[in-house]
Each structure stands twice: as C-alpha cells, then as structure tokens.
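Undergrad: Residue strings, one per chain:
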Amino acid sequence: MKSIRTFLLIALLSTITLVNFIAALHGYRASMEEAQKLFDRQIMATAGLLAALPVPQTGDRVVEENDLQAFQVWSDGGQLLLRSGNAPETQIGQRSEGFSELNFSGFRWRVYSQRGAAGHWIQVAERVDLRYRLADEVILQSVLPILLGLPAAGLLIWLVIGRGLSSLRNLAEELRNKRAEDLSPLTLAAPPEELQPLVHSTNALLNRLRASFERERRFSADAAHELRTPISAIQVHAENLAKELQLRDGGEPPESLAQLQRSVARMTHLVEQMLNLFRTTPEHYPARFEPIDLHRLAREMIAELYPAFAQKNQEVELEGTAAQIQGDQFALVILLQNLLANASKYTQDGGRVVVTAIPEGEQVLLRVEDNGPGISDAERERVFERFYRVGGDRHASATSGCGLGLSIVQHIAELHRAQVRLGTSSFGSAQTPGLSVEIVFPKTINTVNDTAEDIPANETTL
Amino acid sequence: MKLPSENPVRIFVALTALLLPMVVNAARPVLELEIRDHLFYPSVLKIPANTKVKLIVYNRDPTPEEFESYELNREKVIMGGQKAIVFIGPLAPGEYPFFGEFNPKTAQGKVVAE
Amino acid sequence: MLLTSVILVLREVLEAALLLSILLAMSRFLALQTRWIYIALTAGVLGSVVYGQYLGTVSELFEGMGQEIVNAALQFTIYGLLLLIGVLLILNRSGEARYLQLLQWAMVLAVALAALREGAEIYIYLIAFREQAELLQGALLGALIGGGIGFSIGALFYYLLLGLPRRRRLICALVLLSLVAAGLCLQATQLLEQADWLPAQQPLWDTSGLLSENSVMGQLLYALLGYEATPTPNVIAAYLIGLVLMVTLLISVWLKTRMPGVAVDVYV
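Chains as they are written, first to last, in the working numbering: chain Z, -5 to 456; chain X, 1199 to 1312; chain U, 67 to 334.
For the record, the hints were derived by calculation from the structure and aren't laboratory data.
Some hints could be false.
Stated by the list, open to error - Keeping only pairs whose Cα atoms sit at most 30 Å apart, straight-line, the calculated DSSO-like set for lysine-lysine is: (1) Lys1252/X with Lys1281/X; (2) Lys1244/X with Lys1303/X; (3) Lys31/Z with Lys1303/X; (4) Lys172/Z with Lys(-4)/Z; (5) Lys437/Z with Lys172/Z; (6) Lys1252/X with Lys31/Z.
To be verified - Far from chain U, some chain X residues (derived; all Cβ distances over 10 Å): (7) Pro1227; (8) Arg1234; (9) Ile1245; (10) Lys1308.
Keep in mind it's a predicted model, so treat the numbers as computed, not measured.
Even glycine gets a Cβ: it sits at the ideal position worked out from N, Cα and C.
Go ahead and model the full structure; you've got the sequences and the hints to work with.
TA: See the structure below:
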C-alpha cells in the first residue's frame, strides 16, 4: 500500500460514487417511468375530450395543434373526419384500443386509440423524442447536484482523512526526530484509541531499554569505583612488601614483585579510565562551561606529561595561537591527557608528536599528530568502541592499554558538540603513516543545559 | 517447450479457415433498412423463419448510429451517410426487437420471423 | 439521453477498467513500477480518437465487414497478450525478475488496445452530439455517471485484489485473467458470426429473463466472465476453447517451472 490517505480517498470516493450513481440511475429510471405515465394520462385525457365532442359529419377538418400531440378521428367506415395539422391523412394507429408506437411524419409517436360512443375511432399521438426530452430536462436537474457534489465530497474526504491521520503523522515525526540514544518516552498528546497500543508498547520498550542501559552503566561505574579501594590497598601492600624485602635481604627486589607492581599500575589506569568514561557520558555529565584557551591548556598538559615523552626520546611540539572556546575544564584535561598519552604510547622511540590548537572562523581546531603506525581505514570505524584495540591484544607496539581512550575522547567531544576526525599525519612516512586526530570545537555553545541533545548520533565523522 | 497449444491466435485463424468453406455464399434474401432522423424505416421487418438473411442498413443521417439487438446478438456502428451489412438468422419464428443504441428511444424496430 | 449514455459508456468503461485493475494489482504484487498505466491509457485514448475517426473507412474493408473483423482481431490479440502476461507472471512468481520489460509492454499493449476498442465507441457516440447541443448535457452527464460507476467498480475491484492473502493472490489473478480472456474469445466469435465468417446458429438458451445484459450486474458479468444471455454453440465453444487453452498452458508452465534447474523458454 503506497499511502493510507490515497487508498482511503480512492476507496471511499469510489464507494460513494458507486452507491450515489446507481441510486441516481434508479431515481432517474423511476422518475422517467412516472413521467411517461403522466404523458400517457395526458394523451388519454385528450382522447377522452375528443370522444366527448360531437362527431363531426363533414369529412377531413383540420385543426391546428402544438408540436407535441397529433390526432385523427376516423369514422367507423374508414373516413377521416377530423385531424390535427401535423397528422397525416393516412391512419396512424391500429383499430384496437390501447397504446402502440410507430413512425410517421419523420418522428416516432406514441399512439393511443379509443373507440368513440358513435363507433368512430379517436387516435391521439405524442412525439416520443419530445416526451423523453421534456422529462429529461426536469429529471436532470435532480441528478445534477449528485454529480456536482462529488468533487466537493472528494475534497472534504481528503481533508478529513488528513485530519484523521494527523496523529499518525505526528507519531512518525516524533520517532523520526528521536536520536538513537534518546530513550525518553514518546510524548504524543492524547493519542487516539487506535494508536494507544502502539504508543504504549513503544514506550514500554523504551523504558525497558533505558532501565537496562542504566543498570549496565551503574554496574560498570560502581564496579570501577568499588575496585579502586582494594587496588589502592594492593598497591600500598606491594610497595610495603618491596621495602620490607629490601630491609631484610638488601639488594634488588625480586622480578616477580616488579611485575606485580606493573600489573597493579595497569589496573589502576584501567579503573581510572573506566571511571572517566562513565563520568563523561554526555547524558550524565554535569558540565560547567566556561571560557577556556585550548592552546594554553594544551601547553600545560604537554608540560605535565613531558616525562612520558622524554622517556621515549620523543619530540613534542605545540603549534597555533590562543584558541578560546566554551568548555569544561575537567573534561578537556581528560581529553588532552588521553590524546597525548595515546600519541606517546603508540609512537616509536624517537618519534615526533605535534599538537595544534588554532581558531578557524567560528570553530577551533585541536589536532594531535604523530608519526607512529597510525590506524588503517578499516579500523577507524571501530576504534571508538569501548575496549577495542587496534590489532587486538597483539598490538604492534606491544604497549599495554585498555582501549577506552578514544571512547572517552568521543564522549567529551560530544559534550562540547565537537566533531572528531581521524586521518593520517602530515609528516608520516610510508612505513609509519602516523595518526592525526582532529577535533573541531564550536566556539560557543548555546545553552548549558541541553547537553548534546540535538546532535544526531552519526554526526561524528570518523 | 514447444507445445502445439502455444499459439492460440494461429489456432483460431486455422479454425476459422476450416469453418470458412461451410459458409456458402448462396443467394440469401436481401432486406434493406434505412435510418432517417434517428428512426428506422421500416420499423417492422418481416423475414422468413429459419433462413439467414442479409440486411443492408443505410444511415441517411449525418450522425453515426449503432444498430444493436440483444435478441439477435448484433451490434454494429454505422457512420453518418454510410451503409452496413448485417447478417441475421436463421431465426425461430418470433419477434426480435432492435434499436439504434445512440438514439434508443426513437430508433426502434423489430424483426418478425415467420 | 442520460440513460442511454450511462449504459453505453458503462459497458465500454467497465471492460477496460476491470482488465486494468487486474493487471495493475498484479504489477503491485510483483513490485513492478506502475507508471506503465499512464502510457497505456494515453495510448488508448489517442488510439480511440484515431480509430473512431477512421471507423467509416475501416467498416468498408472486407466487403463491409471491416469493423467486425478488425474488432475480432483486436480481441484475439488482447487474448494472446493476456496469455503471454499470464505465463510471464508465473515465471516471475517468486520474484525472479525475468522478462520484466516484455511483461510491462505486454500489459501496456493489452490495456491500450482494450481502451482503444472501447473508447472508440464512446468517442463516436459523443461526437454525434456536436450537432444536437440540446441533448449534449444529458449525454455528457450520462457519460460521467457511466464512467464513474465503471471506474469505481474498477478501483474497488483493484483494492479487493490487493487485499487478497499473499499465497492466493496470483492464483486468483490468473483465474480472473483467464475468465476475461475467455470472454474476449466469446466476443470475437460473436463478431465473426455477425460478419458471416462463421455459420450463424440458434442460441442454445436464453437467460435474458433472469439477468438482462443491459443491467449493471449483467454488464459487470459480461465484462468479467463474458456473460451472454443468448449464446450460440459456436460462442460457447469459443469460450471453452479459450478458457481451456489458457488454463492448460498456465498450469503446464507452472508445473515446469516448479522443477528447479529447468530452463523454460516460452513463445506465445
């Protein structure tokens, strides 16, 4: 079915047309029959009048008549006694009483024959074509409105159906405008009875979805939070153990203890990242937007993370100029930490990292480039997924990581209505094309409250 | 697939061709009918029963007319000023009304087979 | 004049409208484009005017039997096209998308020819009123009513077919198509009888008392099943031959294509 509206219009209009036209046809037939009976009575009346007149004795008297009727009066012996001007001189009807139809004088006539009291024959004829035309003219006037009313009926039906389907249209509109992660119930004002089951079941589905998402989020967040304390404890105990061993045995602590300490550090990082991820979820993050110079913030973060770069002999540069945006300080710090840590982590020793923060018209561009191995086109789609790591666990750089960094970056970008683009570095080589992460921030965000409500889900260009 | 039944048109033509010799062009009674002012003249046609007759209908009007009869199963448009041939019968004795479909109230007549 | 117009126009419109709605519904079943109907109807209307204009000349062909012969040929051609359409529909019954171009053009041609034949008579009828202006209103009104009833029945019939359960719609459509096609054979045979190409016969029965061909119901059955109140043996034979031929062919194609891997090339 193409459109309910077209279907209803055509089906309803066809039904109305069919019923009305057949009714009109029956009306026409019945009226026509009545009209013909009326005409017949008129002929009989004329014949009766002629029969009541004294029988003329002189032959062939001609009387003028109107076009509709003709008559003849014949003597019993077959002599034409009286006729109208439009009647021929030959006998127009049979010599038997009643109606018959026949042609004369170039027309078809309905003839009524009646025997007079004196044995003479009276024959009155009426033109068939005129009888029907007169009746037609009268009856047509009653049929005409039915036809003329049809276009009006069509227009009305079209409008009424449009009105009747408006709630369906509204529902479709609301569903269309809904973002993928927006699980709030549909707010259709007073849905009609027919749509209520649909609205109810859709809302129930949305509620269940939202509840299960919420449960999942809470569980992960709570789990991460709960893990923090025991991990800190393990960290402290491990350090204490190292000290105690050193005091007792002297010399280097055993290798397994060092490994334990590295694992604990990784776990601490993972838990921190998980907490960051859930904290920065756009729907839940209580952002406080204030004017922030991204260029200055980038410089501070580079300074803070400089030991990591220095350790791998990596070169770090900052380019661009002061770039003011409306942003959330805490979130942007996490964003820069993640980008810089990733760049350092996945770029080989002696590599190069360039950070750029620069205003571009109404936007501000933040770019972090390196000349590491980069990310292939095929994988760019997936790196934003939680716990996804390029190349799986057998990562080329054999670097530890938890695969949450870019998910956090994306959350924070969404929070600022910024777009994230991945590309290859401008200074990469054939073996190490490098990675370029570009985030385009709008300079201002209209309202603080509707956090990222209106960004369609897929707007983030990958 | 080459079923012989695949070409209905050809079969019908063949069938028609088979039946054609049966149509003997024997001398048939020829009757004439005229249409004037949307009327048939004569309005009563007497034909012999159980005999096929050739009816030539002249349309003397400038307007077209359709010779039509449900009883005779005949239907033929005759343009203004033209004539048309309609074969009728063989008919059992009886009356067979015909009319001009474009002017059915006035253009009326009947074939009487006897 | 009104009643005359209604009956005349209704009879002509109904035949074309029913054929159109069956074919249109089948196009929808096969998810074909339905734009072809505009081509078909335009061609049909233009064709009616041309055919109507030259009917006088056509009538003089074949020793004055041109009208009957050309009309019978048209009916047989449409029958052939319906046969082709039926076969192609079966070949496409599970969305094979085979010979779709051919199928669409067969539909265009069938509807255009049907509309042409029926439309020519309406055209000739209506142009007669150029000289009888006082009757024109009634005639046009009648034509509108007749056309309205005809197209309404066609539209409702179309939606009825669309509403059929998925499994049975093709069978229903093919049965209807076969009946319409058999009706065409019947009409063509009647025309050949009238032209004296087939021997004339006495009608076998007369059901005009039960259901007049002149009534709306009679016209509907005439268009759908080829209802004839006083059929001759020839006419009945033609109807049955047309029906059996089509049904046999359709069933054999159906069974052949059911076997997997059997290539079928069909020429109709």
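Undergrad: For this structure, which hints from the list above don't hold up?
TA: Number 6 - this is the single hint that the structure violates.
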